[in-house]
Amino acid sequence: MTTQPATAETVILGGGVMGCSILHSLALRGMTDTLLLERDALGSGSTGRSSSAIRMHYSTEVHARMAWESFQVFRNFEEIVGGECGFTQTGHLIMGGEAEAEIFRANVAMQQSVGIETRLVTREEARKLAPSFYLDDCGIIAYEPLCGYADASATCLSFAGRARDLGARISLGSPATDVEIVNGKVTAVISPHGRIATGRAVVATGPWSRRLLLKHGIDLPLEATRHEVVHLQRGPAGPDYHLGGGDLINQIYFRPEGSDLTLVGNGNMEDVIDDPEIYAQRASPAFIQDIWTRVARRIPSLADARFSTGYAGLYTSTPDSHPIIDAVDGIEGLYVCTGFSGHGFKLSPMVGTLVAELILDGHATSVDITPLRMARFAEGNLNITGYNFKVMV
1 MTTQPATAET VILGGGVMGC SILHSLALRG MTDTLLLERD ALGSGSTGRS SSAIRMHYST
61 EVHARMAWES FQVFRNFEEI VGGECGFTQT GHLIMGGEAE AEIFRANVAM QQSVGIETRL
121 VTREEARKLA PSFYLDDCGI IAYEPLCGYA DASATCLSFA GRARDLGARI SLGSPATDVE
181 IVNGKVTAVI SPHGRIATGR AVVATGPWSR RLLLKHGIDL PLEATRHEVV HLQRGPAGPD
241 YHLGGGDLIN QIYFRPEGSD LTLVGNGNME DVIDDPEIYA QRASPAFIQD IWTRVARRIP
301 SLADARFSTG YAGLYTSTPD SHPIIDAVDG IEGLYVCTGF SGHGFKLSPM VGTLVAELIL
361 DGHATSVDIT PLRMARFAEG NLNITGYNFK VMV
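Residue numbering for the sequence shown is 1 to 393, as defined by the working numbering.
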């Protein structure tokens, strides 16, 4: 356990990539009397089990802008943040059927207006980019040449390390058990190691967020959902290398990993978890068989791959698969940053910036995050998209 101070100007609850990015962004803006509380080790929750893909193909502008701005940090990470994030460029194909053609065209046009380098390609062009892919069933295909993946744990630790260099503090083995609120104002954060007097608390505790907020009558539609991922080792038949992909037809996403592995996840299978501390952390045999069959439809040579490993992690899901980034109305000094529904890692650099703006400026300016306000659920004004594929919304 790191020594826990008795006071801080701002306390951040949760030491995943979001909490560490917020800590870093506040320190860059000059707020260094800050404390991050983490129940275990940095990145030990959802961050450490992220698939770590970096792409910008989204169907809402708020997601697309956040992803594009975050990408600028990932590809210039050492210069902007310092340390390592492990960014590896692979390129990325997004594949859909005829039914998705209209929404694909609209989404690519929106993404291009944001500044994202993306375009629609024909099957013939896609075959040249991805000769190992079966593409005859694709009615429409989009291509993002700059996309890739990174190392979520390294990114989290780099944000934290740079924030510490600037004066921020981190207390490990210190779960936040409650936020003390008196007369509508945050007055302290409570952990098993004592009370930290503060006027500001940021809830970035992922799947633990809902039960903490419920203590104060804040009932947000957050669910902890379990998602599985496998790594397949490509055999002598190859391919030696392939692009990453989002496949709406087979309801999967995939990307290369290292020199000979392929990571595969799904967009339509999840289990709701009652207690985020108790869930099966290995991929199930049924999932392995199912996802292997699906990815082999897209990359036929993977039918002869070898199973390497599989694991499961938790998403913190909302009804519209968009996060909540907001100041809590009626409680001065309380902020919520959660519900990323599996998208968090690729958005994390910009999320830190936006939360720092909320705290220091009173509102976010880098991206309009009005669509991510808490009140949208009560208003019935959700971010509804045309994709029936959770990881693309």
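Just so you know, the hints here were simulated from the structure itself, not pulled from any lab data.
Computed from a predicted model, the values in this text were never measured in an experiment.
Ideal Cβ positions, reconstructed from N, Cα and C, are used throughout, including at glycine.
You may find that some hints are simply not true.
Computed beta-carbon distance windows for the label pairs [what the hints assert, rightly or not]:
#, residue 1, residue 2, range
1, D219, E332, 16 to 26 Å
2, E125, G330, 50 to 60 Å
3, Q89, F307, 20 to 30 Å
4, G386, S366, 47 to 57 Å
5, E125, T187, 55 to 65 Å
6, H363, E9, 31 to 41 Å
Within 31 to 41 Å or not, the Cβ separation of H363 and E9?
-> 19 Å, violated
Lying within 47 to 57 Å: is that true of the beta-carbon distance G386 to S366?
-> 27 Å, violated
Whether the CB-CB distance between E125 and G330 falls inside 50 to 60 Å = Cβ of E125 to Cβ of G330: about 53 Å, so the range 50 to 60 Å holds.
Confirm or reject the claim that Q89 and F307 have a C-beta distance inside 20 to 30 Å.
-> With a Cβ separation near 27 Å, Q89 and F307 satisfy 20 to 30 Å, so the hint holds.
Does the hinted range 16 to 26 Å hold for D219 and E332 at CB?
-> 20 Å, holds
Does the Cβ-Cβ separation between E125 and T187 fall within 55 to 65 Å?
-> 60 Å, holds
Checked against the numbered hints listed earlier, the structure breaks hints 4, 6; every other hint is satisfied.
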